[in-house]
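K.L.:
What follows is each chain in one-letter form.
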Amino acid sequence: MSERVRVRTMAPPGHVRAPYYLRGKVGEIERPLGAFKNPEQLAYGLDAEKKALFRVRFTMAEVWGERAERPDDTLDAELYEHWLERL
Amino acid sequence: MDRVSAAFYPVGMSDTDGRRWHDMGGRDAGPVPQDEHDFALWEKRVDALMMLCSDKGFFTVDGLRRVLEDMGEEAFETMTYYERWMAAVNQNLIEQGVYSLEELGTKMEEIAARGDSYGEAQDV
Amino acid sequence: MPHDHHDHHHDGLSASGHPFRSDNDEALTYWQRMEIAARELLIEKGIVTPAEVAAQIDAMDARSPANGAAVVARAWTDPAFKDRLLANGSDACREMGFDVGALHLVVVENTEAVHNLIVCTLCSCYPRTLLGLPPDWYKTRAYRSRAVIEPRKVLREFGLDLPDHVTVRVHDSTADMRYLVLPARPAGTDGMDEAALAALVTRDSMIGTGLPRQP
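Protein chains in written order, with the working numbering: chain A, 613 to 699; chain B, 19 to 142; chain C, 10 to 224.
Hints listed in this document are in silico derivations from the structure and should not be mistaken for laboratory results.
Note that the structure is predicted; figures quoted are calculated from it, not measured.
For glycine and all other residues, C-beta sits at the position ideal for the given N, C-alpha and C.
Warning: the hint list may mix true and false statements.
Computed, partial: chain A to chain C, Cβ under 7 Å [to be verified]:
(1) Glu615
(2) Arg616
(3) Leu665
(4) Glu681
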């Protein structure tokens, strides 16, 4: 059973690992990857809490709209739980 | 218009979408250059220092990337890959208090006096 | 005595056939002075030893696409190993004796219907503890920008024109995983042993910008 998620659209300054081109896009969780220390804290030398990380699969049509080379090609990215909204 | 914030904060812009310069996915760009180089000894040493400092818990690759991003797009365009890494490793070491700017500056002056090439400047 | 890992040749090319970057004989730069200074300060403070730096360089120099090629060839010849590789890439590499450190490796399989391509749009993440350091092009603005939006056009620049029935799956290496493409085994290789198969596996075929050599 696939699980659909949307990438949050927030854009704080600083070190984050959610690519801008995926923000607001809807994909399906391809697999959970476990929990990893939050890079948004590690980057500043802070003690980091662990956050769940997921591989999320998007269609090129969802990511690029009419600019997509092929609508049914796919794009997978790793995204932390705090960047995802479950649908 | 396709402008991005220069470094940590957008410079010279009264508004921004918050996208940062290093976040390149989907931007317009030319053909992929396919020439390749092997790395020089000094570059391999920069890489080794990064890995060793990370293994020993002084900072992580996230700290390296944070500084590389904050250095901005001009640094990406004008400095080599390991020059940027050196700057970022150094900044993390300074921030973590591993050595001071005074120690670094003094040492770099000593090194300049040793010789004019990388080989001559080694403390044999 | 500094340990020079390069075996300098008079033609200016390394054993791999690529030109060296400027090194010991060029004018000393600010950033080179900073490297020497940082290294000496770390040594003086007892944080690292010269032997550790040399060993770290030797360890990275020993890593190359040949390691990945051996993994691919094993997967082509041993279905149970291939299952383990797809389930946990790092453990399968360790099983073959490769020191991949803390690598979290995800292996993605090319088939007749699927072609995988790896990129890191945010920096240049790469499975360096298996394959060694990434090629220069992998770190360029052009590759990082375009691989996610026009992968087929990028692949054509690399000489790979995919048939229409093949789906392209691009993997943006955005966090803690690193990626290896398991290329499809070329036709006409039925009788070949692991070593001969490994010789067909190119670096680019494990990034997805190429295919294995034909026998």
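K.L.:
Hints first: check each against the structure and report whether it holds.
P.N.:
Hints versus structure:
1. Glu615: With a minimum Cβ separation of about 18 Å from chain C (threshold 7 Å), the hint on Glu615(A) is violated.
2. Arg616: violated (18 Å)
3. Leu665: holds (6 Å)
4. Glu681: holds (5 Å)
Hint violations for this structure: numbers 1 and 2, all remaining hints satisfied.
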